[in-house]
Amino acid sequence: MKRLGQTIRDLWKDPMGRIGMIGILLVILVAIFAPLAAPFEPDKMVAMPKSAPSADYWFGTDNYGRDIFSRILYGARVSLEVGIIAVGIGAVAGYILGLLAGYFEGWVDRVIMCVMDILFAFPSILLAIFISAVLGRGLVNTMIAIGIVNIPVFARTVRAAVISAKGLEYVSNARSVGVRTGAILVRHISPNVVAPFTVQATLALSSAILTEASMSFLGLGIQPPDPSWGSMLSEARTFMEQAPWMAIFPALFIIVTILLFNILGDSLRDVLDPKLKT
Amino acid sequence: MDHLLEMRNLSIDLYRGRRTPPVKLVEGIDLNIDKKQNFGIVGESGCGKSITCSSIMGLLSFPLSVGAGSSIRFQRENGTDTELLSLPKKQMQQLRGKEISMIFQEPMTALDPMYTIEDQIVESLRFHTDLSRSAMREAALEMLRKVKIPRAEEILKEYPHHLSGGMLQRVMIAIALINNPRLLIADEPTTALDVTIQAQILDLMNELRESYDTSVIMITHDLGVIAETCEQVAVFYAGQVVEQASVDDIFHHTAHPYTSGLLRSVTSLGGEQKELYTIRGTVPTAGQFSSGCRFADRCEHCTARCREAVPPLTEVAPGHQCRCWLHASGAEKEAAR
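In the order they appear, the protein sequences are chains A and B. FYI, the UniProt record's numbering numbers position 131 of the first sequence as 131, with every residue one higher than the one before it. FYI, the UniProt record's numbering numbers position 211 of the second sequence as 211, with every residue one higher than the one before it.
Just so you know, these hints were derived from the structure itself, not from any lab. Some hints here could point you the wrong way.
[As the list claims (entries may be wrong)] The calculated label-pair distances, taken between Cβ atoms and stated as ranges, are:
no., chain 1, residue 1, chain 2, residue 2, range
1, B, L87, A, I96, 23 to 33 Å
2, A, L119, B, E142, 47 to 57 Å
3, B, E153, A, S164, 29 to 39 Å
4, B, S86, A, A183, 42 to 52 Å
5, A, L119, B, Y212, 49 to 59 Å
6, A, I96, B, N180, 50 to 60 Å
7, B, L60, A, S164, 13 to 23 Å
8, A, A121, B, S86, 35 to 45 Å
[Said to hold, decoys possible] Subject to a maximum C-alpha distance of 30 Å in a straight line, what follows is the list of computed DSS-like cross-link-like pairs (lysine-lysine):
no., chain 1, residue 1, chain 2, residue 2
9, B, K89, A, K166
10, B, K24, B, K90
11, B, K146, B, K36
12, B, K24, A, K166
13, B, K157, A, K166
14, B, K89, B, K36
15, B, K89, B, K24
16, B, K89, B, K35
17, B, K36, B, K148
18, B, K35, B, K148
19, B, K35, B, K157
20, B, K36, A, K166
[What the hints assert, rightly or not] If you only want the chain A side, here are some residues facing chain B, beta carbon under 8 Å, derived:
no., residue
21, N141
22, E169
23, Y170
24, S172
25, A174
26, R175
27, V177
28, G178
29, V179
Note that CB positions come from ideal geometry on N, CA and C, so glycine has one too.
Working from the sequences, and respecting the hints, build out all of it.
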């Protein structure tokens, strides 16, 4: 994995990439160490409801008197978990479909891409709501719904990369020495897909986190009392005037996390694009 | 079958959508390749020489396909004749690289930048032999020495970008010959190389061909390469064979006006200084051929008949065929009327 090390080094050289990497690392650490870092239990009533931010309760408390800071730390877990697993589902399925469509073309391609285009035609939040309405509410179903929404983007990205790689002379050369189709796909074509795929995955993570927040906000995603940034925002809506901190802090975390993933994704795209290298 | 490879009435279609009929990029190609023969195919870019050879390997991919009524028969190692065009995909994969292999034009892009030279040579062994990894490595090393690569041990560990074009083409030759194929297709193997390296590569190929008893199809647009390496030559023009003969006949008893045009447009060192001859006009686009001879518009000897009917490929001398009304016998001229 010489290339992985090189990529990280290149990212570090880019100021935006550095910000993205450090920021996301922090979010991940927060998610992992939430039980240690959180001053209170996320679903315990620890103070008067709707108390303003103070030295004890940094981000204030919500309408049940739960500590918002602790809930946000735990919420990071949910966000990342949903993001990573949903993108994982979408990426793996999209990768396989894109590889098949791109390599075999003809009717395989037409059938796969037709289904993808139909999925693509729906606004992602609408599709996610529809799927989770079919599957039922809950954490796992939310992940599956967001995962399915992500399939078409990955399938398209991978297919395009495969089609351009297929035209490379060394792929014809591999075929001319009798290398089997499976081996050609794995050994010679896949490496060309890694770069666009990684970039897509990073950007998809941010949109998955946002979709989860939106779904939870609408009451379709994570169910109470589990803390999720989206559902916290949803609860805060009713108390906007009395306790604005209930809405401000979860919203801030959603914005910053998504921004960090986008920054990293952009920087990664620049680093991995061989045409931009001098 | 007397020949190693017999191509009959080969045509290649370009698919243009469901409603439009396919364009025939190549039509009515008959070629015979003998054992241990060095066969040259000359023609300018886009005349169909490369796709003709890709069709032997079964490497045509959408939107190209071999047309109906085509046949390519190949004499296998075990002595049986096989129709390559109807061979199942699995068997074709086994044959590729083992009995027929290919060298590409651009050695720089024909090797995968992700893998070492050793990996790439071993890859062609892996699917055709059951040698152990270390035995394959030995074989790769030996093969690199045969193609005269210095520091073979070290080169095995290097990546394609470490090597020069000439070196890479030697590696390509090593990959192509490592399974001792019966037929080697060389698609402009020297076009991307420096002139001095070209000569070395051609010498190497001639040498190896003799020690391996391999037949070679040399695709090129360089008549110099043909003169230096081939015994039999087919001249392609706009998807057809316009002339086929031994190298001597092509150079000294040229029959077709296109071939003589090609010969006249070769530069020579030390000759008298004059403007270089060019064949006027351009090659007609596939799908827009006239009903007559495809070379008619560019030909200095064009007659009315040339525009009316396609000349047949006729024998002008024993073993020398030409597709031109100037050389067609009386009976064929009558038949065409």
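Each hint, compared with the structure:
no., hint, result
1, L87/B <-> I96/A: 23 to 33 Å, "29 Å, holds"
2, L119/A <-> E142/B: 47 to 57 Å, "54 Å, holds"
3, E153/B <-> S164/A: 29 to 39 Å, "35 Å, holds"
4, S86/B <-> A183/A: 42 to 52 Å, "25 Å, violated"
5, L119/A <-> Y212/B: 49 to 59 Å, "54 Å, holds"
6, I96/A <-> N180/B: 50 to 60 Å, "38 Å, violated"
7, L60/B <-> S164/A: 13 to 23 Å, "19 Å, holds"
8, A121/A <-> S86/B: 35 to 45 Å, "42 Å, holds"
9, K89/B <-> K166/A, "18 Å, holds"
10, K24/B <-> K90/B, "28 Å, holds"
11, K146/B <-> K36/B, "19 Å, holds"
12, K24/B <-> K166/A, "24 Å, holds"
13, K157/B <-> K166/A, "26 Å, holds"
14, K89/B <-> K36/B, "27 Å, holds"
15, K89/B <-> K24/B, "24 Å, holds"
16, K89/B <-> K35/B, "25 Å, holds"
17, K36/B <-> K148/B, "22 Å, holds"
18, K35/B <-> K148/B, "25 Å, holds"
19, K35/B <-> K157/B, "36 Å, violated"
20, K36/B <-> K166/A, "33 Å, violated"
21, N141, "40 Å, violated"
22, E169, "4 Å, holds"
23, Y170, "4 Å, holds"
24, S172, "6 Å, holds"
25, A174, "7 Å, holds"
26, R175, "6 Å, holds"
27, V177, "3 Å, holds"
28, G178, "4 Å, holds"
29, V179, "6 Å, holds"
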